[in-house]
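Read off the chains here:
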Amino acid sequence: MAGRWRSRLGVLSAATVLASGLTACGGSSTATGTPTLNWYINPDNGGQQTIAQQCSDQSGGAYTIDVSILPSDAAAQREQLMRRLAGNDTSIDLMSLDPVFVPETAEAGFLAEIPAEYQQEWSDGVVDGAVQGASWKDELVTAPFWANTQLLWYRTSVAEAAGLDMTQPVTWDQLITAAQEQDTSIGVQGQRAESMTVWVNAMIASAGGEVIENPDAKGPDIQLGLESDAGQAAAKVMEDITAAGVGGAGIDNRDEAATANMFQQGDAGFMVNWPFVYAQGKSAAEEGTMDQAVFDDYGWTTYPAMSEGTEAAPPLGGIDIGVSAFSEHQDAAFEAVSCIVSAENQAAYMISDGNPAASEEVYDDPEVQEAYPMYDTIRTSLQAAAPRPQTAYYNEVSQGIADRWQPVSSVSDDTPAQSQEYIGEVLRGEKLL
Amino acid sequence: MSTQTRSAGDVSVAQKNPGRAKASDKAKAEARLGWYLAGPAFVILVAVTGYPILQALYESLFSFRLTAPADREFVGLKNYGVILSDGLWWTALGNTALVTVVTVAVELVIGFALAMVMHKVLGWLRPIVRTAILIPYAIITVVSAYAWQYAFGLTTGFMNAVLGLDDYDVFANKWSALAVICLSEIWKTTPFISLLLLAGLAQVPADMTEAAKVDGATAWERLWKVTLPNMKASIMVALLFRALDAFRIFDNVYIMTNGAAGTQTVSSLAYNQTISRLEIGLGSAVSVLLFVCVLLICFIAIKVFKVDLARARGEG
Chain H
1 MAGRWRSRLG VLSAATVLAS GLTACGGSST ATGTPTLNWY INPDNGGQQT
51 IAQQCSDQSG GAYTIDVSIL PSDAAAQREQ LMRRLAGNDT SIDLMSLDPV
101 FVPETAEAGF LAEIPAEYQQ EWSDGVVDGA VQGASWKDEL VTAPFWANTQ
151 LLWYRTSVAE AAGLDMTQPV TWDQLITAAQ EQDTSIGVQG QRAESMTVWV
201 NAMIASAGGE VIENPDAKGP DIQLGLESDA GQAAAKVMED ITAAGVGGAG
251 IDNRDEAATA NMFQQGDAGF MVNWPFVYAQ GKSAAEEGTM DQAVFDDYGW
301 TTYPAMSEGT EAAPPLGGID IGVSAFSEHQ DAAFEAVSCI VSAENQAAYM
351 ISDGNPAASE EVYDDPEVQE AYPMYDTIRT SLQAAAPRPQ TAYYNEVSQG
401 IADRWQPVSS VSDDTPAQSQ EYIGEVLRGE KLL
Chain E
1001 MSTQTRSAGD VSVAQKNPGR AKASDKAKAE ARLGWYLAGP AFVILVAVTG
1051 YPILQALYES LFSFRLTAPA DREFVGLKNY GVILSDGLWW TALGNTALVT
1101 VVTVAVELVI GFALAMVMHK VLGWLRPIVR TAILIPYAII TVVSAYAWQY
1151 AFGLTTGFMN AVLGLDDYDV FANKWSALAV ICLSEIWKTT PFISLLLLAG
1201 LAQVPADMTE AAKVDGATAW ERLWKVTLPN MKASIMVALL FRALDAFRIF
1251 DNVYIMTNGA AGTQTVSSLA YNQTISRLEI GLGSAVSVLL FVCVLLICFI
1301 AIKVFKVDLA RARGEG
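Chains as they are written, first to last, in this note's numbering: chain H, 1 to 433; chain E, 1001 to 1316.
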């Protein structure tokens, strides 16, 4: 008797577990009929989670947004999303996408087509670079959410001692000379990672070149612009950094976070980095892990130019929100995106998470201006910024650049031509990566 | 003479046959029971390993990108040609072979010493020693890889200060990076090899060692002439298992260098093509070649070095 009860209990609990599992798997709608939208987000300070909650509350029961956190590395985020989308995963409704992976996702047919009214709404009043990054083949395929850009950060005392006029655009040559004279370093990202492409692309674009000349082409037909005067100029900057010995220790394994720490600790008088470093420095000073005087010494200006009189084309980053082509609640998802990317939410997100807004009007918000004294520099930088190569084969191009332009000390006049040949062979399927 | 011989032969046959027949029935029943017990697991194992292997073999004949399924095209053995004519494959294979040889050789020596310690130590100390030795093996490889990376990292580590390396970036140089990868691998998996060797040590008859001792053999002679020859099967199995494991090295490389500074291994190459580039065809071909390498190691171990898996289990 007891045995029978035990077995019935077992069946019952197994059924309960199975049922709850099934609900979790397919759980895109609750018992109340409110669709639950799954938003795959990049890790942040919790800002996207807050926005999800607020938009759910404001929707009046039209939808509820749940967030799922992707890996911290942009390439790993792409890997996870692509594998899920290739399997027609219906559990993804919304996704936070790095702009460099927008073309690949769109080309593969993984993004839902955006209705005309939303296309207009999501691109109005948004900085040009961010709209470009959210588009593919001249059509908006994602919603610009925030638009990142790199600035040149410097220690005011170091720049003054070096006699640099930071109110005017500064060139890489001037920086290298100043760093050498002041016996300090320039914080650049020399790791064999995507950040290397950010740097190389910014230098090539600033010198008037393009990494890819025909971004819409299929892999084997892609024309690369690395072997060019602009490519040579970029290689020259790296050669000069090595020759002057101003790259600092550990340049070959340094990412953005390590660069920020280096600057914070005073090992670098200059650095190129995203604006998160300001929020990081501010909280370090507040927590007492860094002297307030050091934080007060922080200075910023636009990205270094390649030559005097030529405006730099700073790196452009950010996050765009895409709606999955396999979502079962696309209408609700589009509605949710409108809420997520609203100017108010972008402003709140910029203040809470330190990520610059894509919407221009956010920079007129007094709260944003107070929290980010460099708001005007960010806006100027965003307007001049050049997106990284917009191609469905970005991963190959980026890995190829990281492979051939790293370590920085190995870069020579031959590097542009060698990397062009190598990436071309990879894209034609003739070489491993 | 002939009669005697025939009758002796007849007796011998007559005596053997009933015995063999009985043993055969028993053996058959045992074999049947064996299949009943192991059969389901065997079928599942074949399904979960056989299916992906065959799928990889099939996919390796195509040019197929996961994000462009419409462009899928049959290319025959072209992917294999691309891989085998690429210097990167041979570099990765060289790195993998180097890591395998170095780590397995060092682990065998240290593992044997640890096995002896675990075998000899008695009393209350025994469980403590065994646990202490086995702890690294209980740590997840990714976690141990991060620990070693942080220890040797220029901005996070203390090893540069300990070794007096100043600003030297260990992970920016191929040989120093591979050395740390090997060290991490050795630290993590030596307990595994020592466990296998401990099982072998337990099989060495104590009376043989005792007899050698009585005959005046020194400890060194007892080790070389009694202990090691009696452990040959266990040593060979430990070598084979660890070599197969080491050849598939991935986690340590992925975490510490991600293939930078020329530290790619065959597994990281397969990952890069399949997962990162989403080139399923090319990646499958790399995976198939990795599988062939592993098969080759097995073949060499079993045929050339005569590794007897049954004897190592104590069935010999």
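Among the clues, some could well be false.
[Unchecked claim] Dumping the calculated SDA-like pairs for lysine to any residue here, alpha-carbon to alpha-carbon at most 25 angstroms:
(1) E:K1174 to E:M1159
(2) H:K137 to E:A1068
(3) E:K1174 to H:D414
[To be verified] Have a look at the derived ranges for each label pair, beta carbon to beta carbon:
(4) H:D376 to E:G1087: 47 to 53 angstroms
(5) E:W1220 to H:T289: 53 to 59 angstroms
(6) E:W1175 to H:R83: 30 to 36 angstroms
(7) E:V1142 to H:I69: 47 to 53 angstroms
(8) E:I1128 to H:S412: 46 to 52 angstroms
(9) E:W1035 to H:R83: 34 to 40 angstroms
(10) H:G46 to E:W1035: 55 to 61 angstroms
(11) E:D1167 to H:A62: 56 to 62 angstroms
(12) H:D255 to E:Y1058: 34 to 40 angstroms
Hint data in this document are derived by calculation from the structure and do not stem from the laboratory.
Beta carbons: idealized from backbone N, C-alpha and C, even for Gly.
Evaluated hints:
With a C-alpha separation of about 18 angstroms, the suggested pair K1174 (chain E) and M1159 (chain E) falls inside the 25 angstroms cut-off, and the hint holds. Distance hint between K137 (chain H) and A1068 (chain E) is fulfilled; the C-alpha atoms sit about 17 angstroms from each other, no more than 25 angstroms. A distance of roughly 22 angstroms separates the Cα atoms of K1174 (chain E) and D414 (chain H); the hinted pair therefore holds under the 25 angstroms criterion. The beta-carbon spacing between D376 (chain H) and G1087 (chain E), approximately 50 angstroms, falls within the hinted interval of 47 to 53 angstroms.
Remark: the range hint 53 to 59 angstroms for W1220 (chain E) to T289 (chain H) is upheld by a beta-carbon distance near 57 angstroms. Take W1175 (chain E) and R83 (chain H): their Cβ atoms lie about 35 angstroms apart, and the range 30 to 36 angstroms holds. The given range of 47 to 53 angstroms is broken by V1142 (chain E) and I69 (chain H), whose C-beta atoms sit roughly 18 angstroms from each other. Checked against the hint of 46 to 52 angstroms, the C-beta distance between I1128 (chain E) and S412 (chain H) comes to roughly 57 angstroms, which is inconsistent with it.
The hinted window of 34 to 40 angstroms between W1035 (chain E) and R83 (chain H) holds, with their beta carbons roughly 38 angstroms apart. Separated by about 57 angstroms at the C-beta atoms, G46 (chain H) and W1035 (chain E) satisfy the suggested range of 55 to 61 angstroms. Remark: the range hint 56 to 62 angstroms for D1167 (chain E) to A62 (chain H) is upheld by a beta-carbon distance near 57 angstroms. For D255 (chain H) and Y1058 (chain E), the Cβ-Cβ distance of about 39 angstroms falls inside the hinted range of 34 to 40 angstroms, so the restraint holds.
This entry does not satisfy hints 7 and 8, going by the numbered hints stated previously.
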